[in-house]
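Engineer: Given the sequences, and given the hints that come with them, work out the whole structure.
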Amino acid sequence: MIDEQKIIGMLQAKALGCLDPEDDKQMQDFINEGHQFPWDELGKYQNAASLLPISLSIELPNAELKDRVALKLIKLSEQLRANKILEEDKFEADDDYEDNAEVFTNIEETTVESPIEIEHDETEVEDNLVSSMIPEENNFDLDEITLPEFDSGAVSEENAGEEIEIDTSVETAIEESKIDVPQIEEMNVDEILKEKVPVESKHSETIGELVAEQNQKIKELAEQDTQTDLSKRSVADKMFKAIEQDFDSLKLHFDESERKVTRGVLIAYVLIAVLLAVLIFSFFKFSGDIKNLENEIKELKSKSTSSLDKEIPTNPDQYLFS
Amino acid sequence: MYTELTDIELFERVINRDSKALESLYDRYSSVMYTLVKRIVSDKEKAEEVLADIFVIIWKKSSMFDISCGNLYSWLINLTRNKSLDLIRRERAIVTDEYTDEYENKFILPLISALIPSNDLEKVLVSRDKIYSAFHNLTEAQQYVLSLAYYDGLTEPEIARKLNIPLLTVKSKIRVVLNTLCDILAKEDER
Numbered sequence: 004m005i006d007e008q009k010i011i012g013m014l015q016a017k018a019l020g021c022l023d024p025e026d027d028k029q030m031q032d033f034i035n036e037g038h039q040f041p042w043d044e045l046g047k048y049q050n051a052a053s054l055l056p057i058s059l060s061i062e063l064p065n066a067e068l069k070d071r072v073a074l075k076l077i078k079l080s081e082q083l084r085a086n087k088i089l090e091e092d093k094f095e096a097d098d099d100y101e102d103n104a105e106v107f108t109n110i111e112e113t114t115v116e117s118p119i120e121i122e123h124d125e126t127e128v129e130d131n132l133v134s135s136m137i138p139e140e141n142n143f144d145l146d147e148i149t150l151p152e153f154d155s156g157a158v159s160e161e162n163a164g165e166e167i168e169i170d171t172s173v174e175t176a177i178e179e180s181k182i183d184v185p186q187i188e189e190m191n192v193d194e195i196l197k198e199k200v201p202v203e204s205k206h207s208e209t210i211g212e213l214v215a216e217q218n219q220k221i222k223e224l225a226e227q228d229t230q231t232d233l234s235k236r237s238v239a240d241k242m243f244k245a246i247e248q249d250f251d252s253l254k255l256h257f258d259e260s261e262r263k264v265t266r267g268v269l270i271a272y273v274l275i276a277v278l279l280a281v282l283i284f285s286f287f288k289f290s291g292d293i294k295n296l297e298n299e300i301k302e303l304k305s306k307s308t309s310s311l312d313k314e315i316p317t318n319p320d321q322y323l324f325s
Numbered sequence: 056m057y058t059e060l061t062d063i064e065l066f067e068r069v070i071n072r073d074s075k076a077l078e079s080l081y082d083r084y085s086s087v088m089y090t091l092v093k094r095i096v097s098d099k100e101k102a103e104e105v106l107a108d109i110f111v112i113i114w115k116k117s118s119m120f121d122i123s124c125g126n127l128y129s130w131l132i133n134l135t136r137n138k139s140l141d142l143i144r145r146e147r148a149i150v151t152d153e154y155t156d157e158y159e160n161k162f163i164l165p166l167i168s169a170l171i172p173s174n175d176l177e178k179v180l181v182s183r184d185k186i187y188s189a190f191h192n193l194t195e196a197q198q199y200v201l202s203l204a205y206y207d208g209l210t211e212p213e214i215a216r217k218l219n220i221p222l223l224t225v226k227s228k229i230r231v232v233l234n235t236l237c238d239i240l241a242k243e244d245e246r
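Quick mapping for you: the protein sequence lines, in order, are chains A and B.
Quick note on the numbering used here: the first sequence kicks off at 4 and runs consecutively.
Quick note on the numbering used here: the second sequence kicks off at 56 and runs consecutively.
Hints listed in this document are in silico derivations from the structure and should not be mistaken for laboratory results.
Hints are supplied without guarantee of correctness; some may be wrong.
Take a look, some chain B residues computed to stay more than 10 Å from chain A by CB distance [as the list claims (entries may be wrong)]:
#1 T61
#2 R83
#3 E103
#4 I143
#5 I167
#6 E195
#7 Q197
#8 Y199
#9 L233
#10 L240
#11 E245
Straight-line Cα separation of at most 27 Å, DSS-like style, residue types lysine-lysine; simulated pairs [what the hints assert, rightly or not]:
#12 A:K306 x A:K294
#13 B:K161 x A:K87
#14 A:K9 x B:K217
#15 B:K185 x A:K69
#16 B:K75 x A:K78
#17 B:K217 x B:K116
#18 A:K87 x B:K101
#19 B:K99 x B:K116
#20 B:K185 x B:K115
#21 B:K161 x A:K78
#22 A:K69 x B:K178
#23 A:K78 x B:K93
#24 B:K161 x A:K9
#25 B:K116 x A:K87
#26 B:K115 x B:K101
#27 B:K75 x A:K69
#28 B:K116 x B:K101
#29 B:K217 x A:K87
#30 A:K93 x B:K115
#31 B:K217 x A:K69
#32 A:K28 x B:K161
#33 B:K217 x A:K28
#34 B:K101 x B:K185
#35 A:K69 x B:K242
#36 A:K78 x B:K115
#37 A:K69 x B:K93
#38 A:K288 x A:K304
#39 B:K185 x B:K217
#40 A:K78 x B:K101
Note that CB positions come from ideal geometry on N, CA and C, so glycine has one too.
Structural biologist: This is the structure:
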């Protein structure tokens with residue numbers, strides 16, 4: 004039996020958080036035994052103890068601390084959301100694996116479709132991760148806050164643990180997909196079918212049907228692949244053709260312009276040649292004319308002097324009688 | 056808008072995931088809480104880190120606070136003290152338990168009496184001078200014991216070992232100190 008007065012004597016230490024561990028155990032037992040505990044007295048002391056920090060000289064924290072708190076809260080909410088999404092996706096992926104395993108347990112080529120489904124799951128996970136990281140969806144409003152430098156080491160221990168969980172789950176999903184990617188050849192399936200046809204049993208028939216279904220699916224997938232390849236090739240061909248057409252048109256334009264230039268140059272040469280010929284002709288002609296004229300002038304000069312010598316009479320009386 | 060709300064009204068909004076209310080709570084309480092953390096951990100950077108962690112706890116565990124008790128101030132101060140002392144004890148390897156969600160609920164979140172007198176920061180700041188004088192009216196020995204218990208987080212046996220005095224003496228001193236403080240505060244209120 005614990006004395007109530009003793010318990011009351013422990014209340015001050017309890018309120019200050021310095022109660023002797025043995026006394027604390029006794030107090031806990033007292034409460035658990037259903038005795039009337041002086042909660043009001045404890046409340047009074049707790050209130051008084053909590054006033055102690057007010058007697059200290061108040062210090063202000065760094066203004067950037069508010070941003071850090073906001074950043075921590077954003078990271079926390081994003082991690083929680085990402086974890087939730089990853090857990091959901093992982094759960095769905097596990098269900099798919101289980102379904103596939105149940106259907107294809109007896110077939111060697113069971114991994115035909117699973118890689119495709121796994122890849123699909125991975126993309127979903129990535130999409131969800133991306134969508135979960137959209138800042139607009141965050142609960143914490145940072146309109147008035149300038150974010151400080153991001154420090155991944157500032158995450159609390161609890162959060163760090165959560166991060167590790169995310170990483171491992173993503174890694175396992177990717178690894179499984181890588182492992183399960185098969186190299187399937189249609190011939191192998193046919194060979195197996197041929198091998199199993201002679202065995203006339205119910206199991207072989209069901210296996211044969213399942214293999215045939217698988218074979219059909221493989222063919223469909225192969226056709227889809229070839230179609231996608233063809234479509235890819237046709238697009239590439241079109242692009243190359245378009246480029247070639249562009250080159251051809253450029254060549255034509257270039258040839259036409261080259262021809263025009265050569266024509267122009269030839270015409271220019273011809274014109275220059277004609278002009279030179281005309282000039283030369285005219286030079287010789289005019290020079291010949293000039294010579295002829297000069298000769299004529301000379302002839303005329305010589306004629307005029309000889310006639311004067313002959314026609315002019317010398318009559319000395321004429322001047323005496325006039 | 057938020058500045059006009061009482062502590063309890065503001066915290067009700069925090070519980071309802073109102074981030075602006077949390078921001079307002081930070082503006083209101085960060086200085087007092089930071090002062091307490093700094094007094095306990097001494098280092099400025101560590102104090103800031105602890106304060107940031109405390110506000111993350113507040114955001115995560117706001118629903119753990121009993122609104123009906125009407126004393127958010129004491130809950131936040133005790134939460135701040137517990138978190139700061141936990142860091143000190145871990146650094147000194149006094150506490151080696153893994154910091155889990157369960158640990159946080161048990162040792163970091165304060166256990167406040169449901170019958171605690173209602174109080175808020177505004178009232179406390181108004182009566183700050185009274186509290187200051189009440190604390191400084193204690194003898195130096197009383198102040199020292201109080202400091203060892205409250206800020207250094209020592210238990211009664213640890214104080215006894217540190218001061219090299221009997222455990223019973225320490226227990227009686229603790230009782231007297233807090234009773235004296237309560238009496239002085241009561242007298243200050245009567246004035």
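Engineer: Each hint: holds or not?
Structural biologist: These are the hints, each one checked on the structure:
no. : hint            : result
1   : T61             : 17 Å, holds
2   : R83             : 12 Å, holds
3   : E103            : 5 Å, violated
4   : I143            : 13 Å, holds
5   : I167            : 6 Å, violated
6   : E195            : 14 Å, holds
7   : Q197            : 12 Å, holds
8   : Y199            : 13 Å, holds
9   : L233            : 4 Å, violated
10  : L240            : 6 Å, violated
11  : E245            : 15 Å, holds
12  : A:K306 x A:K294 : 18 Å, holds
13  : B:K161 x A:K87  : 25 Å, holds
14  : A:K9 x B:K217   : 24 Å, holds
15  : B:K185 x A:K69  : 31 Å, violated
16  : B:K75 x A:K78   : 17 Å, holds
17  : B:K217 x B:K116 : 36 Å, violated
18  : A:K87 x B:K101  : 31 Å, violated
19  : B:K99 x B:K116  : 25 Å, holds
20  : B:K185 x B:K115 : 35 Å, violated
21  : B:K161 x A:K78  : 24 Å, holds
22  : A:K69 x B:K178  : 25 Å, holds
23  : A:K78 x B:K93   : 25 Å, holds
24  : B:K161 x A:K9   : 25 Å, holds
25  : B:K116 x A:K87  : 19 Å, holds
26  : B:K115 x B:K101 : 21 Å, holds
27  : B:K75 x A:K69   : 12 Å, holds
28  : B:K116 x B:K101 : 22 Å, holds
29  : B:K217 x A:K87  : 49 Å, violated
30  : A:K93 x B:K115  : 25 Å, holds
31  : B:K217 x A:K69  : 38 Å, violated
32  : A:K28 x B:K161  : 15 Å, holds
33  : B:K217 x A:K28  : 23 Å, holds
34  : B:K101 x B:K185 : 31 Å, violated
35  : A:K69 x B:K242  : 39 Å, violated
36  : A:K78 x B:K115  : 13 Å, holds
37  : A:K69 x B:K93   : 16 Å, holds
38  : A:K288 x A:K304 : 24 Å, holds
39  : B:K185 x B:K217 : 31 Å, violated
40  : A:K78 x B:K101  : 20 Å, holds
The structure is inconsistent with the numbered hints 3, 5, 9, 10, 15, 17, 18, 20, 29, 31, 34, 35, 39, although it conforms to all the rest.
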